[in-house]
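Colleague: Start from the sequences, fold in the hints, and give me the full structure.
Protein chains: 2
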Amino acid sequence: MPLLLHYPLDPFSRRMRLALAEYGIAFELGEERPWAPTAALIACNPAATVPVYVEDGGAAVSGIEAMTEYLEETRSERLKLIPGSAAQRAEVRRLAGWFDTKFYAEVSEPVITEKIIRRFMPRETGGGAPDMTRVRYGISRLRDHLDYIGTLADHRSWLAGEDLSIADLAAAAHLSVIDYLGDIPWTEYPVVKAWYQRIKSRPSFRPLLADHVRGMSPPPHYTDLDF
Amino acid sequence: MPLLLHYPLDPFSRRMRLALAEYGIAFELGEERPWAPTAALIACNPAATVPVYVEDGGAAVSGIEAMTEYLEETRSERLKLIPGSAAQRAEVRRLAGWFDTKFYAEVSEPVITEKIIRRFMPRETGGGAPDMTRVRYGISRLRDHLDYIGTLADHRSWLAGEDLSIADLAAAAHLSVIDYLGDIPWTEYPVVKAWYQRIKSRPSFRPLLADHVRGMSPPPHYTDLDF
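One line per chain: the protein sequences are A and B, in this order. The numbering of the first sequence is the numbering used here, which starts it at 5 and goes up by one. The numbering of the second sequence is the numbering used here, which starts it at 5 and goes up by one.
Hints are computed from structural coordinates only; laboratory data are not their basis. One or more of the hints may lead you astray.
[Claimed, not checked] Selected chain B positions facing chain A (in silico; Cβ < 8 Å):
(1) A63
(2) G67
(3) E69
(4) E77
(5) R93
(6) A94
(7) G101
(8) W102
[To be verified] Straight line, CA to CA, 30 Å or less: simulated DSBU-like cross-link-like pairs of lysine-lysine:
(9) A:K106 - A:K84
(10) B:K197 - A:K84
(11) A:K106 - A:K197
(12) B:K106 - B:K84
(13) A:K106 - B:K84
(14) A:K84 - B:K84
(15) B:K84 - B:K197
(16) A:K106 - B:K106
(17) B:K197 - B:K106
(18) A:K197 - A:K84
Note that the structure is predicted; figures quoted are calculated from it, not measured. Glycine residues also receive a C-beta, built at the ideal position from the N, C-alpha and C atoms.
Modeller: So, in structure tokens, the structure goes:
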């Protein structure tokens, strides 16, 4: 069975768990801590980042775009996650890139680093209390992104067009980690909430709702499909 | 004729210029300044980043992976830049992602922001003298990447395997900007230098060697194919 090296509250790992489940691929999970990569992780991925997809035979694929395109090329018989014409596929990839680059830099990276990673890192390598200036910056930028998702979801069935795509999974994966931390003002963004409810109700999302990181409980609405 | 909105010393723009030339696509250039995006750029790309590829009919493609895959899907009759089996294509994309994410964050972003962008930005939006701590950090991390490129180039004809690929263009594009600034210790990395000489000698590279940014002259070896 293929193996996914991951961290439960890493948005890129979550996107791959969603994609694998949507494709209908059975897989095992191997947990890594991004702040203390194991020798096994580094052997599979010299960049020492999660996630890494390890095929049955042991061949490892790393890098979020590389994994995404690899699975679409080899395992998308049942469902395409980069669907449509070349132009529509470009729109899917533009939006996936938006979340993985822009949303990550502006929101996920500061919020997750300060609230999760620095909590578990040893003090001598940078662990400690969160820098709340960086957290507040991330949460303030989150509002621009919620506006943008709302604009997209208001005009389209799914974020990149009429079909579910990796763009929805990328956006939902990033938002789901921020939601675990209780930092999304859902009531102010009803259109975004309606789109997210549709993703959250999919069977692929269930394992993410069951995640529980020691010492960090999500708010009650995190697992609620009618939040 | 298609149009590429770009900035001459932006590594992502340079990668697209190289790719377009390798595919044999004639195109026009429209210059943008990343620190002051025009309304035309924002209309084509809400993320307000360069490069953006604008088709003859006006359809715009943005996002580095989206553009790369779009051109490979629509214009690679003559040459594939993501060649080979699914596994080989994953290796090409892993390495392109390495340079666009890891090399960018550790080297290009600090060095280019401090030495180029802050030089031209108005003082009130963050312009001014470079923060040399960030420049020194970037240059020190550059050495790890030169080691890694050397390891790859020592065992393979090109960085991702036996064929030239977008991984070589991504790496060369990032290095070429640092080289314009005179910050690459070539004599210490003969294997990397030999690989770079091969890329630099390709016709696709010539326009990059002719770039000249006002007030910032490259070192004499920048244009020399026998540096």
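Colleague: Hint by hint, note whether the structure agrees.
Modeller: These are the hints, each one checked on the structure:
{"no.": "1", "hint": "A63", "verdict": "holds (6 Å)"}
{"no.": "2", "hint": "G67", "verdict": "holds (4 Å)"}
{"no.": "3", "hint": "E69", "verdict": "holds (5 Å)"}
{"no.": "4", "hint": "E77", "verdict": "holds (5 Å)"}
{"no.": "5", "hint": "R93", "verdict": "holds (7 Å)"}
{"no.": "6", "hint": "A94", "verdict": "holds (4 Å)"}
{"no.": "7", "hint": "G101", "verdict": "holds (4 Å)"}
{"no.": "8", "hint": "W102", "verdict": "holds (6 Å)"}
{"no.": "9", "hint": "A:K106 - A:K84", "verdict": "holds (25 Å)"}
{"no.": "10", "hint": "B:K197 - A:K84", "verdict": "violated (42 Å)"}
{"no.": "11", "hint": "A:K106 - A:K197", "verdict": "holds (21 Å)"}
{"no.": "12", "hint": "B:K106 - B:K84", "verdict": "holds (25 Å)"}
{"no.": "13", "hint": "A:K106 - B:K84", "verdict": "holds (29 Å)"}
{"no.": "14", "hint": "A:K84 - B:K84", "verdict": "holds (23 Å)"}
{"no.": "15", "hint": "B:K84 - B:K197", "verdict": "holds (24 Å)"}
{"no.": "16", "hint": "A:K106 - B:K106", "verdict": "holds (15 Å)"}
{"no.": "17", "hint": "B:K197 - B:K106", "verdict": "holds (21 Å)"}
{"no.": "18", "hint": "A:K197 - A:K84", "verdict": "holds (24 Å)"}
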